[in-house]
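Visitor: Each chain is listed here by its residues.
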Amino acid sequence: MKNKIFITIVILFCSVTIIIGQKDTSQFQNQNNKADNHPSITNIENRSSFFFQKKTGVSHSKQPINCKTCHSCEYPTKNDPCLKYCPREGMMTVHHSPDESPEIIIMDEMSTRFGAVVFSHKLHAQMSEMSDGCQGCHHFNTTGPILACKKCHEQTRQREDISKTDLKGAYHRQCMNCHRQWSHTTDCNSCHLPKNDDFKRKISEEVSRISGKNHPPIILPTKLVFETGYSKGPIVTFYHDDHIKLFDLTCNSCHQHDNCIKCHDLNNKLTHNIVESQKIHKVNKSFDDHHKPCVACHKQDHCSDCHSTKELEPWSHEKSTRFALKHYHEKVACNKCHIRKSQFEKLSIECYSCHKDWKLGSFKHSVTGLILDDNHNSIECNECHNNMNFSSKPTCENCHDDKSFPKHLPGKLRKNNIMNNSKSKITKK
Amino acid sequence: MDRRNFLIKTIGIGAAATLGNTNESVATPINVLSEDRMGVLVDTTVCVGCRNCEWACRNSHNIPTPPLEDYKNRSVFKEFRRPKEYSYTVVNEFSNPQNPLLPIDVKFQCMHCDKPACVSACIVGSIDKLPNGSVVWNSEKCIGCRYCMVACPFQIPAFEYLTPIEPSIRKCDFCIERTKEGKLPACVEICPVEALIYGKRSEIIKIARDKIKRNPQRYIKHIYGEYEVSGTSWIYISSREFDKIGFPKLSNKHAPGVSEAIQHGIFAYFVPPVLFYSMLGTLMWINKRKKELDVEEESNES
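Read top to bottom, the protein sequences are chains X and B.
The first sequence begins at 6 in the numbering used here and counts up by one.
The second sequence begins at 14 in the numbering used here and counts up by one.
Accuracy of the hints is not assured; some may be wrong.
List time: in silico EDC-like cross-link candidates among lysine to aspartate or glutamate, alpha-carbon distance up to 20 Å [said to hold, decoys possible]:
hint, chain 1, residue 1, chain 2, residue 2
1, B, K213, X, D166
2, B, K224, X, E165
3, B, K219, X, D247
4, X, K169, B, D223
5, B, K226, X, D247
6, B, K91, X, D192
7, X, K336, X, D192
8, X, K89, B, D223
9, X, K200, B, E82
10, B, K213, X, E165
11, B, K196, X, E165
12, B, K196, X, D171
13, B, K85, X, D192
14, B, K193, X, E165
None of these hints come from the bench; they were simulated from the model.
Please model the entire structure based on the sequences and the hints provided.
Guide: Set out below in structure tokens:
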């Protein structure tokens, strides 16, 4: 009897909480819809370009983070989101592409001694693709839309919470950290427009100069030769082009935290030559940081695989494995043959080790250059290719006493004969 | 016997007073270390070396100031500079082994020690430690002995050599006139990157600890000024060891501790001199008494 009462109480309690919960979420959704029509909520620090960030909207509750990271209460609503004070646990928003971002942002909230700054946000976002991305600047962003700096950073320096930088400090820290590296100056006028009566015209001039601009495509190097401090093998040859093509890499699969100075430097015109620029701007990295981009894939390799005393030839499948990637194999992706991920384990040279499904009728023999005649087209492969060994010379003796390959052929050759190559290969062996 | 007990007791009290003084010295004439005293946290990893603080400091202290444009000149960083009588704060630049393109810029000024050596060295009491944390100089009392310059572990006080009549000791006064009006110190207000955080000393120490905890790769585990010379109002955090960026290596004991203990020990409330002379007197009295007793014994025998 007691148990029954207990169970009914539990069921009642659960249903009540579910109902309340639903009420709350419906309230939240209603208000969210309202918010869409209300520009002030999504208003990014921008007056000239009214670009709205793509909102993660209602689905933000489905993001893979614990609700309690940001909300302190059980049922947060739009009216009372009970947000914890700026949960500083890293970026939580999904990545946004630079093209989604506002193009130009005019910052003139606190201009006292200096004029406004016309900030080419999209250009900078494009450049940031190779160095930290959105979160390079929008740190500690919660789920939902990407927040403008002034959403968290207060405008006054004399304030309650001094642990968080004020807006002026936040802006300057973001900009000057890179700008002073490549411009070698902390000159205010390199970003700020002069503060005079003419400033409105200046702003519109600056806006029209920047708008529509995109970062020029980056010229990809084919080969990079690094001189390192490793005495046993100071020279590392890196075939940039091959890596991209072979492994189908994008820029930021390797370049995630690059410094702007890698390309941009006012003092140095050589920087378009990436090797030269790296010689000049040698940044002291730790051993691990230096090797991180390579070791991510080259886990089991030895030092001497990359470090040498001379420039290395580009890697060739033929030289290293004695299996030339020709014709059809040339276009096949690596992982079609090397199935085990991240380990390019040694495969047998035998065709049959991969082509297990080769059997009568499924293989078009003409691709080898030899068109089989009707008699031969209908016999099993291993009648001629003993033990399904396709790399060595086929035998005729099983059926014919007086015939031998390649003197007698079981069909006719195609015009541009591939067989000649394989013949020579066979005779060599 | 009563007299003897009294003497023993007074000697004991006197010794305790002097010994007590050496162990726990008072450093500041009036101990004014309030819980709410203010301080500034300098984050040297943030400072960009724009030298706007130098300009603002001179400007707010009514010292003839070159235009702000002149402060763009970064060639001044070639040599290590110290605060002068006409510039109470200077920014120095040090190389950064981690990234040569991001040199470490360090603003330098009076640290406003909690137990300032200059205050205890001053023989006329013309430097005061105020309850808000600032150490300020008072021109009316100063006799220009420059003991404070010698005493300061950071070599901060500067003397107006070129002012023959009534020269003054000049140093950062923590913008005492501005803070009285509820304004921020001039340098804190102008800093474009907010490398300087003005707040209660207890609070900024918490912030500093928090920053180091959050970014262990960015900062070394040392808050300069938290314990150095018994604590300073200005505290620093950095990415490089502090002795490499122009700071002296100092012990956690405040500099005046030893010297002041001796000085105060010798002259504290005039008890030690009185005790010394009374001890001599007692010895003389004992000797005299012995002689009298001897004479009495001799006369008794005879």
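Visitor: Going straight from one Cα to the other, do K91 (chain B) and D192 (chain X) come out at no more than 20 Å?
Guide: 18 Å, holds
Visitor: Going straight from one Cα to the other, do K85 (chain B) and D192 (chain X) come out at no more than 20 Å?
Guide: 6 Å, holds
Visitor: Given the hint that K200 (chain X) pairs with E82 (chain B), does the C-alpha gap stay at or below 20 Å?
Guide: Measuring from Cα to Cα gives roughly 15 Å; hence the hint holds.
Visitor: If you draw a straight line from the CA of K213 (chain B) to the CA of E165 (chain X), is it 20 Å or shorter?
Guide: Holds - the C-alpha atoms of E165 (chain X) and K213 (chain B) are around 11 Å apart, at most 20 Å.
Visitor: Would the hint linking K169 (chain X) and D223 (chain B) be met if the CA-CA limit is 20 Å?
Guide: 11 Å, holds
Visitor: Quick one, are K89 (chain X) and D223 (chain B) close enough, alpha carbons at most 20 Å?
Guide: 18 Å, holds
Visitor: Verify the proposed pairing of K336 (chain X) with D192 (chain X), using a straight-line Cα cut of 20 Å.
Guide: With a Cα-Cα distance of about 54 Å, the restraint between K336 (chain X) and D192 (chain X) is violated, given a limit of 20 Å.
Visitor: If you draw a straight line from the CA of K196 (chain B) to the CA of D171 (chain X), is it 20 Å or shorter?
Guide: Roughly 16 Å between the alpha carbons, so the hint for K196 (chain B) and D171 (chain X) holds.
Visitor: Is K213 (chain B) within 20 Å of D166 (chain X), Cα to Cα?
Guide: Between K213 (chain B) and D166 (chain X) the Cα gap is close to 12 Å, so the pair holds against 20 Å.
Visitor: Does the structure keep K196 (chain B) and E165 (chain X) at a Cα separation of 20 Å or less?
Guide: 14 Å, holds
Visitor: Are the Cα atoms of K193 (chain B) and E165 (chain X) separated by 20 Å or less?
Guide: 18 Å, holds
Visitor: Starting from K224 (chain B), check that the Cα of E165 (chain X) is at most 20 Å away, please.
Guide: Given pair K224 (chain B), E165 (chain X) holds - Cα atoms ~18 Å apart, limit 20 Å.
Going down the numbered hints, you'll see the structure goes against 3, 5, 7, while the others check out.
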